[in-house]
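Heads up: the sequence lines are chains A and B, in that order. Each residue of the first sequence is one higher than the last, beginning at 1 in the numbering used here. Each residue of the second sequence is one higher than the last, beginning at 1 in the numbering used here.
The hints are simulated quantities; they were obtained by calculation from the structure and are not laboratory data. Remember, it's a predicted structure, so these values are computed and weren't measured experimentally. Just so you know, not all the hints are guaranteed correct.
[Claimed, not checked] To give an idea of the interface, some chain A residues facing chain B are shown, with a C-beta separation under 7 angstroms as derived from the structure: (1) 181; (2) 313; (3) 328.
Even for Gly, the Cβ is constructed at its ideal location relative to N, Cα and C.
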Amino acid sequence: MQAGLWGHCLRALEEELPEQQFNTWVRPLQAVEGGGALRLLAPNRFVVDWVNGHLLDRIGELLRRDIDGVEPPIITVEVGSRQPAAAGAGSPPAATGRPRRAEGLVVGARLNPDFTFDTFVEGKSNQLAKAAALQVGENPGRAYNPLFIYGGVGLGKTHLMHAIGHMIQARNPDARIAYVHSERFVSDMVKALQHNTMNEFKTAYRSLDALLIDDIQFFARKDRSQEEFFHTFNALLEGQQQVILTCDRYPKEVGGLEERLTSRFGWGLTVAIEPPELETCVAILMSKAQATGVEFPEEVAFFVARRIRSNVRELEGALRRIIANARFTGRAISVEFAKEALKDLLSLQAKLVTVENIQKTVADYYKVRMADLLSKRRSRSIARPRQVAMALAKELTSHSLPEIGDAFGGRDHTTVLHACKRIKDLRDTEQRMQEDYSNLLRTLTG
Amino acid sequence: MQQLPLGVRLRDRALFASYFPGPNSEALAHLEAVAGGTRAGTTWLCGAAGTGKTHLLQAACARAGESAHAGYFPLGDNVRLGVAALEGWERLDCVCLDDLDAIVGRQDWELQVFALYREAEERGARLVVAATAPPALLEWSVRDLGSRFAAGTILQLCELGEAGQEEALRWRARARGLELPHETVRYLQRRFPRDMHTLYRLLDTLDDAALAAQRRLTVPFIRSVLADWR
Numbered sequence: 001m002q003a004g005l006w007g008h009c010l011r012a013l014e015e016e017l018p019e020q021q022f023n024t025w026v027r028p029l030q031a032v033e034g035g036g037a038l039r040l041l042a043p044n045r046f047v048v049d050w051v052n053g054h055l056l057d058r059i060g061e062l063l064r065r066d067i068d069g070v071e072p073p074i075i076t077v078e079v080g081s082r083q084p085a086a087a088g089a090g091s092p093p094a095a096t097g098r099p100r101r102a103e104g105l106v107v108g109a110r111l112n113p114d115f116t117f118d119t120f121v122e123g124k125s126n127q128l129a130k131a132a133a134l135q136v137g138e139n140p141g142r143a144y145n146p147l148f149i150y151g152g153v154g155l156g157k158t159h160l161m162h163a164i165g166h167m168i169q170a171r172n173p174d175a176r177i178a179y180v181h182s183e184r185f186v187s188d189m190v191k192a193l194q195h196n197t198m199n200e201f202k203t204a205y206r207s208l209d210a211l212l213i214d215d216i217q218f219f220a221r222k223d224r225s226q227e228e229f230f231h232t233f234n235a236l237l238e239g240q241q242q243v244i245l246t247c248d249r250y251p252k253e254v255g256g257l258e259e260r261l262t263s264r265f266g267w268g269l270t271v272a273i274e275p276p277e278l279e280t281c282v283a284i285l286m287s288k289a290q291a292t293g294v295e296f297p298e299e300v301a302f303f304v305a306r307r308i309r310s311n312v313r314e315l316e317g318a319l320r321r322i323i324a325n326a327r328f329t330g331r332a333i334s335v336e337f338a339k340e341a342l343k344d345l346l347s348l349q350a351k352l353v354t355v356e357n358i359q360k361t362v363a364d365y366y367k368v369r370m371a372d373l374l375s376k377r378r379s380r381s382i383a384r385p386r387q388v389a390m391a392l393a394k395e396l397t398s399h400s401l402p403e404i405g406d407a408f409g410g411r412d413h414t415t416v417l418h419a420c421k422r423i424k425d426l427r428d429t430e431q432r433m434q435e436d437y438s439n440l441l442r443t444l445t446g
Numbered sequence: 001m002q003q004l005p006l007g008v009r010l011r012d013r014a015l016f017a018s019y020f021p022g023p024n025s026e027a028l029a030h031l032e033a034v035a036g037g038t039r040a041g042t043t044w045l046c047g048a049a050g051t052g053k054t055h056l057l058q059a060a061c062a063r064a065g066e067s068a069h070a071g072y073f074p075l076g077d078n079v080r081l082g083v084a085a086l087e088g089w090e091r092l093d094c095v096c097l098d099d100l101d102a103i104v105g106r107q108d109w110e111l112q113v114f115a116l117y118r119e120a121e122e123r124g125a126r127l128v129v130a131a132t133a134p135p136a137l138l139e140w141s142v143r144d145l146g147s148r149f150a151a152g153t154i155l156q157l158c159e160l161g162e163a164g165q166e167e168a169l170r171w172r173a174r175a176r177g178l179e180l181p182h183e184t185v186r187y188l189q190r191r192f193p194r195d196m197h198t199l200y201r202l203l204d205t206l207d208d209a210a211l212a213a214q215r216r217l218t219v220p221f222i223r224s225v226l227a228d229w230r
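Just chain A, same shape as in the assembly (with noise of 0.2 angstroms):
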């Protein structure tokens, strides 16, 4: 990749230094020559004071044996770059999801190409964060202003927001969108302070049309830019500009947020994504296959995703696996085939959730002890919870119905087989056993 005296000169380090400080040290640099000088751009300090501290006389020597007799280039090293930034100086606005430009400064990142509607697989778990996220994209702005929907990891907020991002875009091609991670909101602000750029700061982020910004537990104590996102978040919703903001649990919950900025999130619509439920991770696992060009039987599908329920991104993770190794064997997708791709990542998961990690995490949340819930007590504040960490080890666990009785304290199997029926006919009929449910699967699988 280099050319030039820079070029020889890093051949020969290669040959004298120990690989893992060339790679880690040496490779990292890019250099500009010319001028009779060399500047070698480093990321950051530490780069630049181990090759100052360990390298600038080699350097210099060797490029004095390359050049013989002539005036040897003045060598500089520093902190630099020779191509943009990622999400730095660059593209001017473009029509679709580019980063925007407003008074010079670039706000977020672009709309991920894969992520809209179209590729959004809707469950039960989802449905009403999408139909939501629909209106929000037919009438930004007016129809739930801030949008803000929460959820475990890996469920969908990003894919969801973004896909408003384009319906935005698609219907108002001079739109301006920004995708923000809310880290990346308290990183820009934070240049801005040191660079005396605030206003372009300011004025970037209000000029928007729309701001989706991602994960903003991330804000939690960092006042300062709370503090800037509060007047940021003021400014739109006052000029009818859209908000969406997503975060991995309700607004109120966040812990080191301000109340007052937990209050606003609520004015508008608050949506919760829950886990897929079994039908949607093999509509999942099989859209995504298809966007592959792969052939997924169905009854793959099913296998992974009764195996893997934690999250869309482990199942994306899983299908990755599968395909990756039918392409390199050359072997058909069986069920049999996903057995043995998967092995590794298979006996990890059952190491992870076992009967009494279930019975204790069960107990924690209902405010039970372990002994009771083992025991022959039939309360119903007991029988409950003991009922709901029975239906989890049956469909969290390998385990065997007369296994899953023998754990509870020796009950037949026909006790355990009635109480995952209890469950699963509660969760149809009650609102908040469906949601202990869900919040039981998501700690046990996140």
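The hints should help you fit chain B onto chain A, whose structure is shown.
For chain B alone, kept in the frame of chain A given last:
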């Protein structure tokens, strides 16, 4: 008079060509594709010590460095420097992070890696990381980061059995022009820790000694050479 080896032994550079694939040929092929730029995204390598994670990361870094801006960062050795040591690495096209276990559970470091991950994703850069366990099994402080890694390609490197170790040792020895008899390997496996780090270090010692003494690697010879080895 003893002949001194004078450092003429060829260095075992951590390249794809010097990695004994054995049961890990799929991981090798995947990383070659990633380093060559024909496959993108995040790759998570995991496996016990001695399975060759560091070797593969360095090989990927070297290959990617031929055509792109690449770097290798061993977190275990550099945690003491603080998170600023990773600043600017998001501008690289291919970042190889070793010993991720060293920072899992440390929120400041996880946030730094998270920022690197997001930048890499946005720019379409390649990220290859290594740890002893898959992401789902680690105790993340920033769970979102763990789950994002879980969505990438996870490759578990398998340890070599006795026969595989013998094959790997003889393969490396042959690359140096050494013949390593079966009984010599068996001797090493019975008397020394049976991990590949140790076995390769023993091979280095034997290589130097054989060159100095101009002897073949017979059991009596290696017994005398390794009498005080530690």
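Status of each hint after checking the structure:
no.: 1; hint: 181; in the structure: holds, 6 angstroms
no.: 2; hint: 313; in the structure: holds, 4 angstroms
no.: 3; hint: 328; in the structure: holds, 5 angstroms
Checked against the numbered hints listed earlier, the structure breaks none of them; every hint is satisfied.
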